[in-house]
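Please arrange chain B on chain A, whose structure you already have, making use of the hints.
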Amino acid sequence: MSIQVRDVSKSFGDFHALVDVTADIEPGHLTAVLGPSGGGKSTLLRIIAGLETADSGHVLIDGKDVTNVPARQRGIGFVFQHYAAFTHMTVWENVAFGLKIAKTSKPRIKERVAELLALVHLDGFASRYPAELSGGQRQRMALARALAVEPGLLLLDEPFGALDVKVRQELREWLRRLHDEVHTTTIFVTHDQEEAMEIADRIIVVNHGRIEQSGPPEDLYDRPANDFVMSFLGPVTTLGGQLVRPHDIHVSTRPTTGAHRATLERVVSLGFETRIVATPAGGGEPVTVQLTRNQVHELALEVGDTVYLNVPHVAAA
Amino acid sequence: MGKYALRYAVLGYLALLLVAPVAMVGYRTFQHGVSPVWDALSSHDAVQALKLSLLITVIAVPINVVFGISTGWLLARRRMPLPWLVNALINLPFAMSPVVVGLAVFVLYSRTGWIGTYLFSHGIPVLFTWKAMTIATIFVSLPFVVREVVPVLEELGSEQEQAAAVLGASTLQSFFRVTLPAIRWAVVYGTILTVARSLGEYGAVNIVSSNIVGQSLTLPLYVNNRINQLDPTAAYSAGLLLAVISLLILVGMTAFSSRRHVEADK
Chain A
62 MSIQVRDVSK
72 SFGDFHALVD
82 VTADIEPGHL
92 TAVLGPSGGG
102 KSTLLRIIAG
112 LETADSGHVL
122 IDGKDVTNVP
132 ARQRGIGFVF
142 QHYAAFTHMT
152 VWENVAFGLK
162 IAKTSKPRIK
172 ERVAELLALV
182 HLDGFASRYP
192 AELSGGQRQR
202 MALARALAVE
212 PGLLLLDEPF
222 GALDVKVRQE
232 LREWLRRLHD
242 EVHTTTIFVT
252 HDQEEAMEIA
262 DRIIVVNHGR
272 IEQSGPPEDL
282 YDRPANDFVM
292 SFLGPVTTLG
302 GQLVRPHDIH
312 VSTRPTTGAH
322 RATLERVVSL
332 GFETRIVATP
342 AGGGEPVTVQ
352 LTRNQVHELA
362 LEVGDTVYLN
372 VPHVAAA
Chain B
1490 MGKYALRYAV
1500 LGYLALLLVA
1510 PVAMVGYRTF
1520 QHGVSPVWDA
1530 LSSHDAVQAL
1540 KLSLLITVIA
1550 VPINVVFGIS
1560 TGWLLARRRM
1570 PLPWLVNALI
1580 NLPFAMSPVV
1590 VGLAVFVLYS
1600 RTGWIGTYLF
1610 SHGIPVLFTW
1620 KAMTIATIFV
1630 SLPFVVREVV
1640 PVLEELGSEQ
1650 EQAAAVLGAS
1660 TLQSFFRVTL
1670 PAIRWAVVYG
1680 TILTVARSLG
1690 EYGAVNIVSS
1700 NIVGQSLTLP
1710 LYVNNRINQL
1720 DPTAAYSAGL
1730 LLAVISLLIL
1740 VGMTAFSSRR
1750 HVEADK
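As given, the protein sequences belong to chains A and B, one line each in that order.
According to the working numbering, the first sequence holds residues 62 to 378 in order.
According to the working numbering, the second sequence holds residues 1490 to 1755 in order.
Here chain A stands alone, though its shape is the one from the complex (with noise of 0.2 Å):
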């Protein structure tokens, strides 16, 4: 399914969730969402769901205009970041739920519940209660519930964000590779830089209820249309009043054309990894620059030292 919002205004008394919002999802694409908390995200994950009616604008789903067409009939599958298990049911029932509403045939909710409770392996959980399983399985059979009814479109609303760091990671490759299996166009609210960067094909980036940017992750990252962009994507540090990455700052023991000078004030080794920070020669904000290992011991540097910070594309620039 294509998804197109156009000039989607929200507001929650005084609060602007979104404003004027325009956005194109393409079919078959694993697209996240990605702001600080408050930015209007989830807002418009819920207005494409249903859940949440615009102040103004539309939502297109394939074209068809869908403003007005409650949640239900939207043929869409949605996981919430606290599961919105129903706790009263197994797991079995919950992931039947969709179908049994549908009036899906027994014999196929059957066939159909087993396909997903393996596909989220969940196999040997059918008869157990969403209350006696682990956050990562309950995420799990949020999806497999959602999937059920072969929805056209799969909204996952921050689907990781109480799961602790380990089983997040998990979930997010396994989210994935499921994708890459069933290719339903998919739309996942994130907070999380990291998580979006490494498993969407395309980003959207949403702050203070518009979008900043969107496009493809690498583009965000190399290209940002400014300085938000750029600093919710990925490490930054100022060098020459200008915002840059500090993998990108090059540094030097010897003067070079266009460089700053400056005094070498900490060297952190993180591994493999190794961050220095340096005061520039003028004063101001101190620079971190991300060196690896090797590259710290051939230039010998220590505390105190003087080196030269510049960054060549923004000099080529």
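These aren't lab readings, by the way, just hints derived from the structure by calculation.
Not close to chain A: a few residues of chain B, all C-beta gaps over 12 Å, as computed:
1) Lys1492
2) Gly1602
3) Gly1703
Example chain B residues on the side facing chain A (calculated, C-beta under 7 Å, incomplete):
4) Gln1649
5) Ala1652
6) Val1655
7) Pro1670
Which chain A residues stay away from chain B? Per the calculated CB distances, all over 12 Å, these:
8) Asp68
9) Leu180
10) Glu234
11) Arg238
12) Thr317
13) Arg327
14) Gln356
Ideal placement from N, C-alpha and C gives every residue a C-beta, glycine not left out.
Frame of chain A; chain B shown alone:
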């Protein structure tokens, strides 16, 4: 020692104020053996009083359960206009003396009352019939289900209902398949309290009843009537019957509430 003192003080207080009077009723009832009790309870007047109490309860409880769940849902899901006013109104029967409730029904349904005038002119007398007694009972037992259901619905949140909606369920399907099962213990608990109050109501019902023995007395009214008529055996027997029913309700409630805690822990 201090903590034991408090315990015994509380237990002594409960014994004196709750256990002793009930035990006394039990003792007095069976003072002359079982057969006078049986005779008293199987008398026409006692049976009529029990039947009337049950009739009123059977009508009042389902009405208040349906109304209570609907109102509770609207309040918890913030779909109720003027929620502060509705909340205050629902608490009114808790705050108001039942006698005043009875008086209100009396005034409204009497021959000159707003509704009474209309009903009498159409040949439907309500005041001094079981209908007015039922209306008064519905009034006094109205808040129990609402008050039980609202906090549970609020804690439950609307996410499960939203999940059901996205999966294609209509509002009714979502209510019966998702919401109601999730709040069932609160509904059971509220229902039990409503039953207890409906069976035991005295003040409000007393005002709107014609108070004719063997015709328009509920069980609590009958107890009072027998005391006034110096027929202690009948009064004690009917009183004990009411106490036994309450006790059964309490036992049921405790069983349900422990069940509820087990589920909450899961």
